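Colleague: Spelled out, the chains give:
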Amino acid sequence: MSAATAVALAAETSPAEDLDDGPFPSDAFVVDLDGWEGPLDLLLALARAQKVDLRRISIVALADQYLAYVAAARRASLELAAEYLVMAAWLAELKSRLLLPEPPAADEPSSDEMAAALAFQLRRMDAMREAGKRLLARPQLGRDFWQRGRPEAIPERLEVVVSADLNGLLQAYGRHLRRRRGEAPLALVEPVALDSVEAALARIRNSLGQAPGWESLARYLPEGALAGLREGSLTARSALAATFGAVLELARQGVLVLRQNQPFGPIYLKPGNQEGERR
Amino acid sequence: MNAEMPPGRQALRLVEAMLFASAEPLSERDLAERLPAGSDVPALLAQLQGECAPRGVQLARAGAGWSFVTAADLSPLLARERRIEKKLSRAAIETLAVIAYHQPVTRGEIEEIRGVQLGKGTLDALFEHGWIEPRGRRETPGRPVTWVTTDGFLRHFGLGTTAELPNVDELRAAGLLDARPAIRVLQPDGGDDAGGPSVAIEPLDPDGG
Amino acid sequence: MNAEMPPGRQALRLVEAMLFASAEPLSERDLAERLPAGSDVPALLAQLQGECAPRGVQLARAGAGWSFVTAADLSPLLARERRIEKKLSRAAIETLAVIAYHQPVTRGEIEEIRGVQLGKGTLDALFEHGWIEPRGRRETPGRPVTWVTTDGFLRHFGLGTTAELPNVDELRAAGLLDARPAIRVLQPDGGDDAGGPSVAIEPLDPDGG
Numbered sequence: 304m305s306a307a308t309a310v311a312l313a314a315e316t317s318p319a320e321d322l323d324d325g326p327f328p329s330d331a332f333v334v335d336l337d338g339w340e341g342p343l344d345l346l347l348a349l350a351r352a353q354k355v356d357l358r359r360i361s362i363v364a365l366a367d368q369y370l371a372y373v374a375a376a377r378r379a380s381l382e383l384a385a386e387y388l389v390m391a392a393w394l395a396e397l398k399s400r401l402l403l404p405e406p407p408a409a410d411e412p413s414s415d416e417m418a419a420a421l422a423f424q425l426r427r428m429d430a431m432r433e434a435g436k437r438l439l440a441r442p443q444l445g446r447d448f449w450q451r452g453r454p455e456a457i458p459e460r461l462e463v464v465v466s467a468d469l470n471g472l473l474q475a476y477g478r479h480l481r482r483r484r485g486e487a488p489l490a491l492v493e494p495v496a497l498d499s500v501e502a503a504l505a506r507i508r509n510s511l512g513q514a515p516g517w518e519s520l521a522r523y524l525p526e527g528a529l530a531g532l533r534e535g536s537l538t539a540r541s542a543l544a545a546t547f548g549a550v551l552e553l554a555r556q557g558v559l560v561l562r563q564n565q566p567f568g569p570i571y572l573k574p575g576n577q578e579g580e581r582r
Numbered sequence: 117m118n119a120e121m122p123p124g125r126q127a128l129r130l131v132e133a134m135l136f137a138s139a140e141p142l143s144e145r146d147l148a149e150r151l152p153a154g155s156d157v158p159a160l161l162a163q164l165q166g167e168c169a170p171r172g173v174q175l176a177r178a179g180a181g182w183s184f185v186t187a188a189d190l191s192p193l194l195a196r197e198r199r200i201e202k203k204l205s206r207a208a209i210e211t212l213a214v215i216a217y218h219q220p221v222t223r224g225e226i227e228e229i230r231g232v233q234l235g236k237g238t239l240d241a242l243f244e245h246g247w248i249e250p251r252g253r254r255e256t257p258g259r260p261v262t263w264v265t266t267d268g269f270l271r272h273f274g275l276g277t278t279a280e281l282p283n284v285d286e287l288r289a290a291g292l293l294d295a296r297p298a299i300r301v302l303q304p305d306g307g308d309d310a311g312g313p314s315v316a317i318e319p320l321d322p323d324g325g
Numbered sequence: 117m118n119a120e121m122p123p124g125r126q127a128l129r130l131v132e133a134m135l136f137a138s139a140e141p142l143s144e145r146d147l148a149e150r151l152p153a154g155s156d157v158p159a160l161l162a163q164l165q166g167e168c169a170p171r172g173v174q175l176a177r178a179g180a181g182w183s184f185v186t187a188a189d190l191s192p193l194l195a196r197e198r199r200i201e202k203k204l205s206r207a208a209i210e211t212l213a214v215i216a217y218h219q220p221v222t223r224g225e226i227e228e229i230r231g232v233q234l235g236k237g238t239l240d241a242l243f244e245h246g247w248i249e250p251r252g253r254r255e256t257p258g259r260p261v262t263w264v265t266t267d268g269f270l271r272h273f274g275l276g277t278t279a280e281l282p283n284v285d286e287l288r289a290a291g292l293l294d295a296r297p298a299i300r301v302l303q304p305d306g307g308d309d310a311g312g313p314s315v316a317i318e319p320l321d322p323d324g325g
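Residue numbers (the numbering used here), protein chains in the order written: chain A, 304 to 582; chain B, 117 to 325; chain C, 117 to 325.
In short, the hints are calculated from the structure, not lab data. All figures in this text were calculated on a predicted structure; none of them were measured in a lab. Heads up, a few of these hints could be off.
Said to hold, decoys possible - Straight-line C-alpha distance at most 30 angstroms; calculated DSS-like pairs for lysine-lysine:
#1 K436/A x K354/A
#2 K436/A x K236/B
#3 K398/A x K354/A
#4 K236/C x K203/C
#5 K236/B x K203/B
#6 K202/C x K236/C
#7 K203/B x K354/A
#8 K398/A x K236/B
Turn these sequences into a full structure, and let the hints steer you where they fit.
Modeller: In structure tokens, the structure reads:
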């Protein structure tokens with residue numbers, strides 16, 4: 304039993320446990336209400352104190368005993384839970400109806416039926432209480448009998464089943480064939496006309512100096528590249544890289560000079576001094 | 117030694133060994149899986165149970181599970197092994213009895229029978245012991261869960277089936293295994309067996325109403 | 117049942133129950149402590165051992181102690197079979213396919229066909245599954261072993277003969293030779309028609325070159 308269970312069980316344990324076997328105390332006016340698990344529990348104890356078969360219990364006598372018990376409890380100024388008082392009221396009414404029979408309403412149980420129902424409820428409760436005791440009187444596992452103390456590990460034979468089916472096999476062969484024919488290499492790089500530094504060199508040489516003074520590098524990009532750059536297009540980015548590479552190369556050669564006013568700022572260029580010589 | 121053993125004997129030895137090796141109960145299906153096809157498992161178990169009856173270790177059935185346990189009558193002699201165990205509360209014991217005898221039974225029906233509300237942890241405690249479990253629902257408004265006892269419960273108390281519960285036949289014959297409210301139980305034309313368990317209710321008192 | 121049991125019998129039952137329930141092997145002294153004074157423990161153990169000999173559970177000495185164990189001859193029958201499903205690796209299934217379609221084929225040829233070196237265990241694994249076997253040698257330098265598929269392979273894949281394997285045209289018809297590329301890397305035009313390799317790339321600079 305876990306600690307939590309033990310606590311939960313302890314919380315429910317009532318002092319009434321001691322009353323299981325002993326008869327109801329003969330002095331019914333020694334009132335201890337803490338011990339009862341509700342009015343029915345008290346009623347059952349009172350009924351059993353009548354020492355008659357529960358099938359022949361006198362409900363009137365039982366009602367009297369209960370009412371006397373409750374009255375004694377009130378005299379002793381004990382706090383009575385509302386359910387005990389409700390039961391007392393119900394029993395008082397039942398008793399008066401039993402003593403002064405009246406024609407029952409059509410859709411209501413008669414006082415005799417109500418009395419019989421109460422008697423049945425007490426008998427059923429009593430039967431379950433008895434059953435619980437008999438159950439616990441049985442030999443119990445781990446207390447009176449034991450299971451195998453040293454269980455043996457059952458050896459396991461591992462059988463590895465490889466799952467493969469014809470479809471998988473054919474697909475595998477299909478994949479292989481595709482690859483072999485070059486129809487579908489694993490990673491397909493399609494031919495793309497990326498801008499090259501050589502192309503950019505030619506482009507810049509062709510148009511350099513057509514306008515006087517500093518010009519933006521962007522002017523030397525191929526057509527459409529500026530728009531492409533905004534979309535992040537790969538070809539446009541390659542054009543920018545190629546153009547920049549070409550510009551650096553031409554600057555190294557002295558064909559042009561570069562200017563950038565601040566980091567990451569626009570790059571400007573104009574024909575260099577030796578431009579004429581080179582031509 | 118097994119070379120000349122008749123096949124039936126060999127199957128019996130195998131059943132014995134399987135059950136002996138395991139601390140946990142094995143079902144007939146568990147056993148059949150490792151026996152030659154076509155083995156009559158119930159017959160083997162019955163034979164083994166018979167052969168073990170006079171011994172110190174016996175074959176016990178608890179619901180679907182079978183296991184070896186020490187003979188209950190040896191309890192006082194084996195007492196040194198006894199562990200001090202926590203006592204169950206009276207409420208827990210009674211609740212367990214109500215579930216065992218009235219199953220399947222709802223929480224509301226348990227409270228009706230015991231005439232008192234169930235404490236917070238009572239069902240939890242029994243559930244943690246592995247003695248009860250929720251199974252199914254009552255097809256009444258709210259569709260409350262119904263509780264039943266487990267094979268573990270049977271095993272703990274050395275019962276083969278719930279039909280072996282103490283006095284169960286007498287209680288049933290007396291009409292006391294009916295979880296409906298008492299006033300409805302007693303009304304023969306109440307007609308609402310909607311919620312009630314399928315126990316045949318005999319009139320409490322043939323002379324009475 | 118113990119009422120009329122002779123004392124010796126009862127002691128034997130007790131020994132049996134103690135040994136069964138104990139988590140550890142019990143020494144003769146352990147046993148004697150809980151047996152009636154004057155019990156002949158070695159004799160009891162010998163008797164129990166003899167009675168158990170034909171059974172599925174036997175009494176065995178374990179070091180200084182005694183304990184029950186399941187009969188050794190039952191061990192193979194007791195073994196629980198556990199099936200583990202394993203998927204064949206992609207390399208293995210491709211290799212198997214190549215062998216199936218190209219048999220008899222050498223390791224070198226398989227590598228040539230697949231364009232990749234064979235992993236260490238690939239052929240071993242297929243051989244262990246009983247799907248391929250070496251048969252014959254290629255009469256080339258080094259006389260390499262050639263591999264073929266087995267009858268087990270045919271059975272596993274539900275084939276009557278290797279001739280029932282579909283040919284290339286049938287594979288294509290079945291869509292297994294779908295020529296769509298596995299991975300598209302570049303989509304210069306912003307991915308208009310994802311499937312088509314026929315993207316026309318216009319020259320960046322018509323004048324350039």
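Colleague: Confirm or reject each hint.
Modeller: Here's how the hints hold up against the structure:
1. A distance of roughly 20 angstroms separates the Cα atoms of K436/A and K354/A; the hinted pair therefore holds under the 30 angstroms criterion.
2. The straight-line distance between the Cα atoms of K436/A and K236/B is roughly 22 angstroms, inside the 30 angstroms bound, and the hint therefore holds.
3. A distance of roughly 20 angstroms separates the Cα atoms of K398/A and K354/A; the hinted pair therefore holds under the 30 angstroms criterion.
4. For the proposed pair K236/C and K203/C, the alpha carbon gap of about 18 angstroms is at most 30 angstroms, so the pair holds.
5. The hinted pair formed by K236/B and K203/B meets the criterion: a straight-line CA distance of about 18 angstroms does not exceed 30 angstroms.
6. In summary, the hint linking K202/C to K236/C is supported, as the alpha carbons are separated by about 18 angstroms, within the 30 angstroms threshold.
7. Note on K203/B and K354/A: the hinted pairing holds, with a Cα-Cα distance of about 29 angstroms set against a maximum of 30 angstroms.
8. A C-alpha spacing of about 34 angstroms is found between K398/A and K236/B, which places the hinted pair above 30 angstroms, so the restraint is violated.
Against the hints set out earlier in the document, a violation occurs for number 8 only.
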